[in-house]
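Same order as they appear, the protein sequences are chains A and B. If you read the first sequence in the working numbering, its first letter stands for residue 96, the second for the next number, and so on. If you read the second sequence in the working numbering, its first letter stands for residue 948, the second for the next number, and so on.
Cut-off 20 Å, straight-line C-alpha distance, at most; resulting in silico cross-link-like pairs (SDA-like, lysine to any residue):
1. Lys1003(B) - Pro140(A)
2. Lys1003(B) - Phe269(A)
3. Lys1003(B) - Gly266(A)
Hint data in this document are derived by calculation from the structure and do not stem from the laboratory. Values in this document were obtained by computation on a predicted structure and should not be read as measured data.
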Amino acid sequence: MVTTTPVALPAEVRWHGRGGQGVVTASRLLATAALRGGFFPQSLPDFGAERSGAPIAAYTRVGDSPPTMRGPVTNPALVLILDPSLIGSVDVLEGVLPGAAVVVNSTRSPENERDRLGRSDIVICTIDGTAIGEELIGRPLPNVPMLGALLTVYPIVDLETMTDAVRAQLGEIFSERVVNGNIAALQRGNELARSVGQGGIQ
Amino acid sequence: MVDTRERAGIGVAGEPAASTAIAMNGGEAVAYALRQIEPEVVAAYPITPQTLIIEKFAEYCADGVVRTEYINVESEHAALSACVGASAAGARAVTATAGPGLALMFEMLGVTSGMRLPIVMHLCTRALSAPLNILGDHSDAMAMRETGWVMISGSNPQEAYDLAIVAQIVAEHPDVMLPCATMIDGFMVTHAVERVDVLPDDVVREYVGEYEPEMSLLVPGSEATYGALDFRDYYFEHRRQQEAALYAAQSVVEDALQRFGEISGRDHHILEPYMMDDAEVALVMMGSAEGQVHAAVNAARAAGLKAGALRIRLFRPFPVAAVAEALSGVRVVGVMDRAIGLGSADNPLLADVKAALWSRSDRPLARGFVYGLGGRVVTQGQMNQAFDELRSALETGEVGTDPTYLGLREVQDETVLGEGTTA
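My request is simple: use the sequences and hints to build the entire structure.
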């Protein structure tokens, strides 16, 4: 069963991953897309003295007025887990209320991830973002495929707006070939995402 | 969907200029303003969390977008020294730093203000070592507060952009001729990507104008001497003139904010009151935690407490009369310090607020709070606790002498030695 989590504003999103996976970039891409969608976004990386491979988090807020809160998102309506090996070592579901959506970069089925996460009251979406990144970007980067996947369970902007945001933001620093690879990865992530559960914060 | 970039355009004659909405962080917002201002000299040494500003600005220089002379230096002391030389020679000079970088600049902070050089600094507030900490608090800014700089504090990326522009004309105003620092909170503002409405380049350039010093080392015919020896004869007089100029800066800042409001449509003041009209208790604060404080004001009001908040935007010169006026009618004031004044009678902001209120016969009770040191997460819950304490003081008529440490784990608590404290 594929269901969609209704997006209530202000929307609060939390990202978990490891340094080098593109967590900060993905959070910022979501903010850029939200701005293009007519919203007031905020993307806030949770930095320490980070290095490749260290667990890191980022937060995205989207509202219809300027954000006032600056700090961690404690009750996210959407969580993205870029590295499933964090499950168990980082409390990735901390503060996640029933009806929220969780997107996992995983080769497993959403039912299987639901069992591992031990939550049947949330929407679980899985996508093998690493494989998509390998194939279409040439690097095992799950971030942009996961942006495509999140839109299937948490349609905060449409795919076209997200595509424009990826083109604009990545186009500032990368070659056209890399940008096109990312856009293909975004669309592939959107197509291949699978999910299970009933959405809507209760 | 509507493209906000187009929708944000206003563009009516006599109205604020058409702005463009861009998603960027506070650091990039400052760099964007600097690109528009195009100072003749920028000298800076990279330090977290200021790096975002100078990386972006160095890119503008390398790409030939600006003609600024970007000076790579070996330290922050050298960065500000290079700016001093450039400014004394008549150039518009800008730097940026944070925390330990500011500490290394310390000697030159007083040299800059004493030589009356209108250098602008963007300070990305950061904790001071030791223990080593790269995250945000106001320890650095508080160490700078009596070095003769005008200091203006922002709370979000939009203000980081706005104040970077405003600071330029404050510093260079003939009645001021003093350095001006903007303070933006490390990470919570510098690294937060938000919608920032930027003005057209020509509007910013017209607002800041050309910097044409009356005298400088390189102006032909100018008889200026900078950094002269000055013993018993005139040091005292020069120091007093410097002090007078700093206090004169308040009205210049007010005018500059007013003029900026006319071109941008954004209404900034030296103080930002929130729900203060009938407030009996109020929290005074500075920086990026405004949202948490306002949320707690709303919660306290819903619970029947006449609560309010006052954010300080102009920190130096401290607007003594305006603060006293804004707090008139308040019976209990809480002051939020994001730094400890080690060994002082009071923490820095509390000391200023208390002094501003001292001459009033009906002065309120005042209570200190310390929060958010070293990037400790600031929550609405902490601010709710502060208002609970202000409510108790209102009822009992008594406040304690020691500050309350919001979000502090006590040493007896064994979790202090556990997770998250080893980095």
